[in-house]
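Peer 1: Sequence:
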Amino acid sequence: MPVKDKIRDLVVSSLSFFRGGSSAGRRWRYALAAIAFLAVALITVDYAYYRNRVYHGVYLEQLNLGGRPLKDLPALLERELWSQEEVSLELPDSQGTLTATYQEMGLAPDREKTLELVSRAGRGVKGLSARLAFWFKNRPIKVTAPVLVDEEKLAEFNRRLAEMVYRSPESARFQVEGEEVKIIPEREGRYLQAVKLRKLLIESIHRPERTLAVPTGKSAPPVTAEDLERLEVDKVMISFSTQVSGTSNRINNIRIGAAAVNGCLLAPGEVFSFSQVVGPATREKGYLEAPIIVGEELVPGLGGGLCQVSSTLYNAALLANLEILERWNHSQAVGYLPLGRDATIAQGLLDFKFVNNREHHILIGAELAQDRLTFRIFGPPMKERVEIISSGYQKVDPPVRYQKTSSLPKGEKKLLRAGKPGHYISTWRVVYMDDKEVSREFLGRDYYAPVAALYLLGTGEGEEAARDPGGG
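One rule links them: number in our numbering = place in the sequence shown (from 1) + 1025.
Hints should not be assumed to be uniformly reliable.
Derived lysine-lysine pairs resembling DSS-like cross-links, with alpha carbons at most 27 Å apart [claimed, not checked]:
| hint | residue 1 | residue 2 |
| --- | --- | --- |
| 1 | K1445 | K1461 |
| 2 | K1445 | K1207 |
| 3 | K1224 | K1207 |
| 4 | K1178 | K1221 |
| 5 | K1445 | K1420 |
| 6 | K1138 | K1207 |
| 7 | K1408 | K1445 |
| 8 | K1408 | K1420 |
| 9 | K1408 | K1378 |
| 10 | K1224 | K1138 |
| 11 | K1096 | K1167 |
| 12 | K1435 | K1260 |
| 13 | K1408 | K1260 |
| 14 | K1310 | K1378 |
Since the hints were made in silico from the structure, they are not lab data.
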């Protein structure tokens, strides 16, 4: 059929559609035709007006671009958004503000792709649906602009920023001052939320506002103040003191060693090691040289005086009825404790250890005040009472040694060092319950070596040589 005939048939059928039927039906058909014509007209006008413009309701992030000529977009976005090369990052806890460039963060706007997405927003079938939502529901047509990311640069920037904001969590702890026990509250940790920061930085490239609060998360400390309160270690179970004397260096060392032990908390079954808690005596920790026992002599040594700390703590542990795992007596008797009651230490060789064999936590307090070193064990009140007794004492007479010298006449003696006797002693721990003995523990039989008396013994050789110099 020729095209002319097809057109004629279409016109005839259209006229028949409007002429046929009742008058009411014809009115409906005319109305539909009018609506269709109006819709076509609106679409035509809309297309003509927005052909080179951004549709109303289109937002690039927070920037309203509706009605803007497409040719003006590059300059507009450059001026309003992309010309700003820096972003201000507000650090937590009043740490100040860090200013950084997008270049050093490895971020840049994808200009070409952004312009393409903005110009296409609201067009096509999907675009018409979005525009209807804007007209009838005032729902903006949002464009999420793409960003070019240098992952290596961004990761390095995040690493440096993470170091700046990181704070490790701190557990609550006990602070012991004399007989008073205080709880220092815990502190939450802080870390950088890197994924959230990445999102904020990328979004900020297409936003006028360039100040961001650095997103951080919180990490809980292992031990809280509430945890410590439940332990009930605020009452003194026992205390023991020794008199402190000697050089200022020795007193300094005792103070540092006692401070290292002060506040030590032991759970049931936990072992206390003096060497581990106090550690090596180093100058970095503030230790100084003071007399220590080496053989029969007192010689300067770094950390001299620490044995009085371990010995005083040993007696406190005994009175608290704690199980002693390792203890060594000195090679010579000490002046600040009875025989059999001392505990020497030597880093890497000799240690003092005990275990908390009680059914509850214990807290150790140490205090150096008014020339007295005091250790206190905190915890629930003790039901038992402990006494330390000794027996089997034996005295060992000091030997006599001579050191020959030609400076004295032959056979003449001069005392250089007085001798000191040695000792044998046995020590026991006796436990009472309601004033009745319930146990008797042998702690050991200790030997303290005597210190030999030392004399100069004259040979007279120097005097004889002076009278007869020799030579033919």
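Peer 1: Does K1435 pair with K1260 here, judged by a C-alpha cut-off of 27 Å?
Peer 2: violated, 68 Å
Peer 1: Does K1207 lie within 27 Å of K1138 when you go C-alpha to C-alpha?
Peer 2: violated, 63 Å
Peer 1: Are the Cα positions of K1408 and K1378 separated by 27 Å at most?
Peer 2: holds, 24 Å
Peer 1: Given the proposed pairing of K1178 with K1221, does the C-alpha separation stay at or below 27 Å?
Peer 2: holds, 17 Å
Peer 1: With the threshold set at 27 Å, check whether the alpha-carbon distance from K1408 to K1260 stays at or below it.
Peer 2: The given pair, whose Cα atoms are some 14 Å apart, holds under the 27 Å limit.
Peer 1: Given the proposed pairing of K1224 with K1138, does the C-alpha separation stay at or below 27 Å?
Peer 2: With a Cα-Cα distance of about 19 Å, the restraint between K1224 and K1138 holds, given a limit of 27 Å.
Peer 1: Does K1207 lie within 27 Å of K1224 when you go C-alpha to C-alpha?
Peer 2: violated, 44 Å
Peer 1: Do the alpha carbons of K1096 and K1167 lie within 27 Å of each other, as the hint requires?
Peer 2: It holds: about 20 Å lies between the C-alpha atoms, which stays within 27 Å.
Peer 1: Given the hint that K1408 pairs with K1445, does the C-alpha gap stay at or below 27 Å?
Peer 2: With Cα atoms ~42 Å apart, K1408 and K1445 exceed 27 Å; violated.
Peer 1: Decide if the proposed pair is consistent with the structure: K1445 and K1207, CA atoms, cutoff 27 Å inclusive.
Peer 2: Violated - the C-alpha atoms of K1207 and K1445 are around 46 Å apart, more than 27 Å.
Peer 1: Mind checking the alpha carbons of K1408 and K1420 for me, to see if they're no more than 27 Å apart?
Peer 2: Violated, at about 37 Å.
Peer 1: Hinted pair, alpha-carbon criterion (27 Å max): K1445, K1461. Please report holds or violated.
Peer 2: Cα-Cα ~39 Å, so violated.
Checked against the numbered hints above, the structure breaks hints 1, 2, 3, 6, 7, 8 and 12 and satisfies the rest.
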